[in-house]
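Chemist: For the record, the sequence lines run as chains A, B and C.
The first sequence begins at 1 in our numbering and counts up by one.
The second sequence begins at 1 in our numbering and counts up by one.
The third sequence begins at 1 in our numbering and counts up by one.
There is no bait here: all hints are sound.
For identical chains, the list gives no copy identity; a pair is met inside one copy or between any two copies.
As a list, the in silico SDA-like pairs of lysine to any residue whose alpha-carbon atoms are at most 20 Å apart: (1) Lys28 <-> Ala128; (2) Lys54 <-> Thr127; (3) Lys28 <-> Glu85; (4) Lys28 <-> Tyr125; (5) Lys54 <-> Ala124; (6) Lys28 <-> Leu150; (7) Lys28 <-> Thr139; (8) Lys54 <-> Tyr125; (9) Lys54 <-> Phe137; (10) Lys28 <-> Leu84; (11) Lys54 <-> Ile38; (12) Lys28 <-> Ile38; (13) Lys42 <-> Thr139; (14) Lys28 <-> Tyr154; (15) Lys28 <-> Phe140; (16) Lys42 <-> Asn80; (17) Lys42 <-> Thr136; (18) Lys28 <-> Leu157; (19) Lys54 <-> Gln129; (20) Lys28 <-> Leu81; (21) Lys54 <-> Val123; (22) Lys54 <-> Leu130.
Hints are computed from structural coordinates only; laboratory data are not their basis.
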Amino acid sequence: MTIESTVLSLDNPVFAAYVLAASVMLLKLLLQPWMTVIRMMKVRAGFRSPEDAKQSPLNPAPVSGQLEPNEYVERSRRMNLNDLESIPAFLVAGLLFVLVGPPLLLAEVLFWTYVLARAAHFVAYATAQLHDVRATFWTFSSLSIIAMVLYTLYQVLTR
Amino acid sequence: MTIESTVLSLDNPVFAAYVLAASVMLLKLLLQPWMTVIRMMKVRAGFRSPEDAKQSPLNPAPVSGQLEPNEYVERSRRMNLNDLESIPAFLVAGLLFVLVGPPLLLAEVLFWTYVLARAAHFVAYATAQLHDVRATFWTFSSLSIIAMVLYTLYQVLTR
Amino acid sequence: MTIESTVLSLDNPVFAAYVLAASVMLLKLLLQPWMTVIRMMKVRAGFRSPEDAKQSPLNPAPVSGQLEPNEYVERSRRMNLNDLESIPAFLVAGLLFVLVGPPLLLAEVLFWTYVLARAAHFVAYATAQLHDVRATFWTFSSLSIIAMVLYTLYQVLTR
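Next up, chain A with everything else stripped away, as it sits in the complex (with noise of 0.2 Å):
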């Protein structure tokens, strides 16, 4: 193991910065599918394979609708696919602005931008506030991203 520090260090505060929002993310995305989870055991519905209306343990009384679409389980299986959208491309392309060498400030900015912009959205989706309130929160957790590839690619194309 090599032992002078390297970019990909903790002591590096950029990349230190960017494994926390990273891991902030990482726990939104894999929580998010339990939420569905948790609303589909809660109403008994909107499951989506035939045999998940099957008597088991889960499901011990079947009722005849259970494979129907369920709005309440529908709206989480809805965050989840903008979640899987958005949250993988805001990993890797957070990993490469790391890389090329932006400014803390930079960094911190837009990771952070990122997040909060995503707990933002996530809140508005849940409470079904306005589609322009979410829009607008997704809309800055998209730009935030969008920033990080266009500083990575003027580094790339000018080095």
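Model the placement of chains B and C on the given structure of chain A, informed by the hints.
Modeler: Frame of chain A, contents of chains B and C only:
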């Protein structure tokens, strides 16, 4: 190029374990759409775009209903969507976990718990086992990624 | 910070080639949802959440049916889902491939085969070309990632 070994070198057994598990999971992620393709070709149904119902070398004898959802094909699509909710998170969480320097044994246990749980989940889903069986394997896969993220978060918060 | 160059530095031409291709693909991944947004605004239809049909500055004159699937909008959503099945895999597979030290020429061929195949796939999908045309480009993109993963797997298994 630096000559001494670094964390992200195959000389680091934790990284090598990650690269092996990650490569297996990448193949899983990349082959699932091929399973959808093979199923679509087999039943000549379950297409999604209007133009897919047109006559072509791959669809020489169009019949009506080819654009309707087909459970045999949809099952593979749901398996793919389930992969998308899990595998990219594993790939990034695993890499960050390697970068904060976990013990080799812990890394191997978490990586292989994930790979085995996903393999079992694939079999349970493809053969339409009771929901509870599939859910159990899914839970192991989800918890092993969450454990990696929590370890990473602890390292960055206590650095 | 370490001074000598490492594998993950823009001084490494394989890494620089990866960062360029990855940035282009990240922009593609991030801009596809904007295409969905633009299409939704243009036809004022194809919304997904019940609250999106309410009156608001972005939806000043609600009409019934705005929550029904709209093919013009759904096409962009399917393109986005197709991106999700492919681009995150490319981003991670490409990075691991760089880390196991492939020849520059092989890396450039695989990265640019992927980027060009996805660009052609985008055009074929957006303009609703025959399924076989889209499928051909998709196959090139899929095989180029699979090749990277197999190369990586070979390196880790024969280390």
